[in-house]
Amino acid sequence: MKNIKEKIIEVKNLKKNFKISKRMNGLPGHIANLFKPKYEVKEAVKGIDFEIYEGECVGFIGANGAGKSTTIKMLSGILYPDSGCINVMGFEPHKDRKKYVANIGVVFGQKSQLSWDLPVIDSFELLKNIYKIPSDVYKKNLDEFMELLDMSNFINQPVRQLSLGQRMRADIAASLLHSPKLVFFDEPTIGLDVVAKEKIREFVRYMNKEKKVTFIFTTHDMQDIAKTCERIIIIDKGSKMYDGSVKELVDKYGGSVKLAIEIKDVLVDEEYIKLLKQSLENQFIDCEFTIEDKKNNIVEIMFENKTLSSVQVTTFLAEKFTLKDFRISDIDIEEIVRKIYEGGITL
Amino acid sequence: MKAFMAYLKIAFKSNTIYRVDFLFSIIGTCVNIFIYCAIWKALYGDNISVNSVSYEMVTTNFILSLAMSSVFSTNDFVIQQKLWDGSISTDMVRPIDLRVSILARDLGNIFFKLITHFILSVIISVIFIGMLPPKSFVCLLLYVIGMILGFCVLWALSVIVQMSAFWIINVWSISTIKNVVVNVLSGIMIPLWFLPDTLKNIISFTPFESIYYIPVNIYLGKITGGEIFHAYFKQLLWFAVLFYIGNVMWNKGKRRIFVQGG
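As given, the protein sequences belong to chains R and D, one line each in that order. With my numbering, the residue at position 328 of the first sequence is 328, and numbering never jumps. With my numbering, the residue at position 121 of the second sequence is 1121, and numbering never jumps.
Simulated from the structure, these hints should not be mistaken for lab results. Any given hint could be a false lead.
As the list claims (entries may be wrong) - In the SDA-like style, the derived pairs of lysine to any residue whose C-alpha atoms are separated by at most 25 Å in a straight line are: (1) D/Lys1252 / R/Ser83; (2) D/Lys1002 / R/Asn103; (3) R/Lys237 / R/Gly47; (4) R/Lys95 / D/Gly1253; (5) D/Lys1009 / R/Met151; (6) R/Lys19 / D/Trp1172; (7) R/Lys19 / D/Met1249; (8) R/Lys111 / D/Val1100; (9) R/Lys98 / D/Gly1253; (10) R/Lys98 / D/Ile1096; (11) D/Lys1254 / R/Phe91; (12) R/Lys98 / R/Ser135; (13) D/Lys1013 / R/Ile133; (14) D/Lys1002 / R/Asp96; (15) R/Lys46 / R/Met241; (16) D/Lys1009 / R/Asn141.
Model the full structure from these sequences, guided by the hints.
Here's what the structure looks like:
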């Protein structure tokens, strides 16, 4: 499948360092810094390789400061890489910047690219002229985005008076007006409520599936990934940790089951939890259980289900304890990623 | 070109939003002109002319150069601000040279201020202070050309200050030094006619007299005939030199772009 599609991005051994000024504490330190500044070199990106194919929707994830935004900024031609090579649609982003950026769309969730003081539509008109978008294409795209992103009620308002959700939708529309084939979204759902996030995910999905736009986006919200991406790249401390399908990650590293039980009649306290753990461990030797008190008499039990079936555990619990209710669920991607960040899983 | 005009229009429109600010900046320009004229009136006392420069010539110099300087809005802090808040990233993903968009925005501001500040403050000054008419209609046209070239020199100078943000991040001090030097050496503060010859000679080797002094002198008919083309050539030469320096700085500076926050 992959070989049929055309390669759109090729990144090899990409590196970027930042110089961070390092000062000593206190007034003497600050004054010393004036005369002899000291710098510390921070390796933001240390040799990343990957390839992205046309029509993919790839999620870039990593903890804060992992280097994912820096990578996106190098891919979009803003930052010069220190070494390594980037080839996007035949361009070297930082070198052929002007020609290259006409073919891509970019959204930075934390920064608006619209003119602060002017109505949204004025910024769109400006973009129409900058990207030399033919009038019919512009009108078609604008009408479509107006509907998909539900923008008609604020299109004539100045950007500074928009809510964050409205502003983000306007920014997203702005990045796609010139029908780019490749789009970079850097945290497009940051700070948005659930409804607004869902709207954006839906839009991304639609553009990806129907319009065959290739998306690469960074996010901290795993729901974004679960609902839009087939492939994720996990970056940690400037290196690539994982690159593959979301499903594979869950299958391979999920492997755990979460069992939530509600206890009847007895009040759950620390003693009770201890007792529960003890009896589980006595019953199922060699198995590890993580138990969390979820309040309201609900207890969450997590265990690996490779050697142990959830039926065994539930039956045992039902016999020994007074259960009111129970629920079984797989560990989701959010928990896997949390474990990766915390170093619990080594890929 | 379309993109250029679009940026220009956006800048023009933005100016019309903060009406009170607009009103006060006209008042500011007028107050400036009145203060300078009052000081020089006191200095002149009963004399009709000093060093064969009449009081009217001095006031005309002030009105024209101050009105021009209120119009020639170059914002030295554009790139600094963009680096500061990270909005440089937005400019870098547009298929247009950052300097072109800066120029377009500057021109948008200029056209707005030309219609409002320049014409209004000149009219107010003519009514309350009085000003010499241009030597001839041709002089007025030649003055306009000199004024445009003068702006080009000032703009190229400002680009150099802006570009230095890539290295020193805060350009406030450099901008202040530049503004003081421009104000003194281009004849806004003291008409260059009153300066000693040695100092005048030194200044003639700098780009500063190209900015205001040359156009004002063309207006007053103090530079005539072939001298005018010599003056234009000087302005163009300085523009070319300063633009080249700014260009080298931009090409080196681009590599140093950093994006703060996020």
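So, going through the hints one by one against the coordinates:
no.	hint	verdict
1	D/Lys1252 / R/Ser83	17 Å, holds
2	D/Lys1002 / R/Asn103	18 Å, holds
3	R/Lys237 / R/Gly47	11 Å, holds
4	R/Lys95 / D/Gly1253	14 Å, holds
5	D/Lys1009 / R/Met151	24 Å, holds
6	R/Lys19 / D/Trp1172	23 Å, holds
7	R/Lys19 / D/Met1249	20 Å, holds
8	R/Lys111 / D/Val1100	22 Å, holds
9	R/Lys98 / D/Gly1253	16 Å, holds
10	R/Lys98 / D/Ile1096	6 Å, holds
11	D/Lys1254 / R/Phe91	18 Å, holds
12	R/Lys98 / R/Ser135	22 Å, holds
13	D/Lys1013 / R/Ile133	22 Å, holds
14	D/Lys1002 / R/Asp96	21 Å, holds
15	R/Lys46 / R/Met241	12 Å, holds
16	D/Lys1009 / R/Asn141	23 Å, holds
In summary, the structure agrees with every hint in the numbered list given earlier.
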